[in-house]
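Visitor: Residue numbers (the working numbering), protein chains in the order written: chain A, 11 to 508; chain B, 9 to 132.
Simulated from the structure, these hints should not be mistaken for lab results. In this text, all values refer to a predicted model and were calculated from it rather than measured experimentally.
Some chain B residues judged to face chain A by a derived CB distance under 10 angstroms, without partners named:
no. : residue
1   : Val23
2   : Phe30
3   : Ile53
4   : Tyr54
5   : Met60
6   : Val96
7   : Ser99
8   : Thr108
9   : Arg110
Ideal Cβ placement from N, Cα and C applies to all residues, glycine included.
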Amino acid sequence: MTLVHNFPFFSILLCMAAGIFTSVLKQRAAKALTFAVVAAVLVLSALTLRLTLTLEDAYAFMMGHFPAPWGNEIRIGRLEALMATGFSAVMLISLIAGMWHTPTVVSEQKVNLYCIMIDLALAAVLVLIYTNDLFTVYVFIEIMTIASCALVVVRQNGHTLVAITRYMIMHLFASGLLLMGIAMLYGITGHLLMVPLHDAVAHIVQTGEHMGPLTVVIGLITAGLTIKSAMFPFHGWAPDTYAFAPPLSSAILSGIISKSYIFVLIKFFYRVIGMDVIVSQQITPFLFVCGVSGMIIGSILAISQRDIRRMIAYSSVAQIGYIYMGLGIGTDAGVEAALFQMLVHAAVKSLLFLSAYELINVSGDRKRFRYLHGAGYRNVPAGIVFTIAAMSMVGIPFTGGFIVKLNLAISGIAMGGWMRALVLIALALSTLLNSVYFLHTVVSIYRKPTQEMEYPQVQKTPPHVAAALFVSALFIIYLGVGSEPILRVIETGLRTFS
Amino acid sequence: MWQLLYENLEQTVAVILFGIGFSILLLQRNLIRKIIGLNIMDTAIYLFLASMGYIHGQKAPIVVDGITSTVAYINPVPAGLVLTGIVVSVSFTGIMLALTIRLYRRYHTLDIDEIALLARGEDA
Chain A
11 MTLVHNFPFF SILLCMAAGI FTSVLKQRAA KALTFAVVAA VLVLSALTLR LTLTLEDAYA
71 FMMGHFPAPW GNEIRIGRLE ALMATGFSAV MLISLIAGMW HTPTVVSEQK VNLYCIMIDL
131 ALAAVLVLIY TNDLFTVYVF IEIMTIASCA LVVVRQNGHT LVAITRYMIM HLFASGLLLM
191 GIAMLYGITG HLLMVPLHDA VAHIVQTGEH MGPLTVVIGL ITAGLTIKSA MFPFHGWAPD
251 TYAFAPPLSS AILSGIISKS YIFVLIKFFY RVIGMDVIVS QQITPFLFVC GVSGMIIGSI
311 LAISQRDIRR MIAYSSVAQI GYIYMGLGIG TDAGVEAALF QMLVHAAVKS LLFLSAYELI
371 NVSGDRKRFR YLHGAGYRNV PAGIVFTIAA MSMVGIPFTG GFIVKLNLAI SGIAMGGWMR
431 ALVLIALALS TLLNSVYFLH TVVSIYRKPT QEMEYPQVQK TPPHVAAALF VSALFIIYLG
491 VGSEPILRVI ETGLRTFS
Chain B
9 MWQLLYENLE QTVAVILFGI GFSILLLQRN LIRKIIGLNI MDTAIYLFLA SMGYIHGQKA
69 PIVVDGITST VAYINPVPAG LVLTGIVVSV SFTGIMLALT IRLYRRYHTL DIDEIALLAR
129 GEDA
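Using the sequences provided together with the hints, build the complete structure.
Guide: In structure tokens:
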């Protein structure tokens with residue numbers, strides 16, 4: 011075992027240690043430490059990815075002194091490493107582009123706490139990506155819920171308080187379902203580590219004994235994780251939370267945190283239950299229907315919004331629908347498309363929230379579309395990156411969104427029957443709806459203001475913020491033109507998953 | 009059917025309590041009642057877990073008198089899980105109560121629907 015084999019463990023430990031030290035540091039030092047830690051995690055994850063690409067199979071890393079099947083371990087494969095790299099890159103860019111607004115939304119004494127919560131959220135994301143133990147999943151999902159609650163409620167007005175109360179109620183309900191599911195699964199198998207669990211579940215399926223409880227377990231855990239990731243009929247808490255949070259928190263919550271729940275769900279399907287059992291238990295058609303309805307209804311709701319932040323938040327519901335549609339197709343190709351969409355959407359959605367906030371900022375802090383007229387001229391870099399991100403949302407070629415829709419369509423066509431028709435119709439309809447609201451937004455930020463409106467002079471966007479936004483936009487274009495290697499990593503990674 | 013439920017009395021009670029808990033959490037409009045519902049729900053899961061680890065006639069898993077045979081003790085893992093779970097639910101109760109205090113100071117009511125209505129009138 012070389013030094014690089016330890017890097018995933020180091021990156022988790024680094025985030026948690028940084029969270030502790032940040033509380034006693036001065037404000038400037040706390041911010042600097044957070045930046046340094048996120049950058050370090052990015053480097054460590056990238057090195058891990060490079061290592062896993064040379065390895066044939068994933069490897070398990072024992073935590074503590076008890077070997078499997080008793081102890082706790084993390085598992086590092088190329089899919090995990092790719093997700094960790096992608097998410098920490100999005101996190102770093104969001105921090106650079108979003109942190110300079112903290113003085114206006116986060117009060118002076120709370121900056122340290124805000125930094126702690128960012129560290130904790132990243133730690134939880136990394137653990138959920140790497141862990142091989144179902145109870146660790148539960149604990150870190152709870153840590154992530156606490157961290158995201160604090161990230162939102164740091165902006166103190168009535169809307170965020172109401173939104174976060176709704177958020178907490180739904181998430182606590184979902185956590186209850188998840189924990190009940192894990193408890194029942196432990197009851198029928200006697201294991202919590204994913205590898206022995208998988209064998210025990212295979213035995214249950216083979217003998218047919220305890221099949222009823224197993225179905226209940228699958229239902230409970232799937233319900234818990236889909237509520238937490240804002241899948242369509244359970245999305246009620248999401249739009250307000252994303253819309254009224256500080257811009258950096260919106261970017262982190264909708265870009266990264268909601269995706270890690272879905273990654274856990276994919277892990278549960280592949281590594282614990284086995285995808286063939288999930289398909290035979292009729293879970294995938296349910297996810298498929300929810301995904302398709304989310305794509306359409308999320309977009310329709312987004313069109314009816316007059317606040318740009320709520321519009322972006324509702325489009326998030328639609329984009330999560332794409333991921334669940336890919337999962338619901340139930341083949342490896344569909345899940346690969348869903349995983350690629352997770353990466354693309356993480357980059358695009360965080361960029362949309364951050365650049366929209368820049369546009370709002372130059373329009374006198376007003377969020378309605380009619381006040382945003384001409385914002386693209388008042389802040390040129392933000393206008394350009396918003397346009398690129400919107401193009402990816404619509405699915406215009408040479409952006410990541412196009413490759414997602416292409417892959418979803420290909421995996422849908424391979425299915426045949428009603429699913430093929432539904433996939434194609436849903437993709438066509440949702441692309442149409444996406445273009446209605448995103449192109450409308452792009453047109454309205456480049457339109458001349460109709461009446462004379464007073465726009466206050468604001469501080470210009472610092473060059474490093476503009477640079478970070480452009481790097482993210484370039485990343486989206488790279489996902490569109492150079493997606494081949496990433497898709498191959500996802501494909502080979504998923505093959506070693508089960 | 010009834011025989012089966014009676015044989016697994018703890019689990020049956022736990023599932024009923026779980027249902028009561030989450031119905032209160034989701035359906036009550038009063039925030040304090042919601043928090044109580046949350047606690048009932050979590051406690052039901054701990055009862056479920058703890059009853060699963062208990063083996064009738066065996067002792068708590070602390071080695072005394074040098075007996076190391078596993079047949080002498082109950083399963084310690086569920087107890088560990090319950091302890092972790094209790095810590096989590098205590099911190100969540102704390103957070104929810106803190107949020108409730110903030111909402112009450114601002115709107116002078118505990119009714120979530122009323123609060124949402126009052127908040128809608130504010131500037132975003």
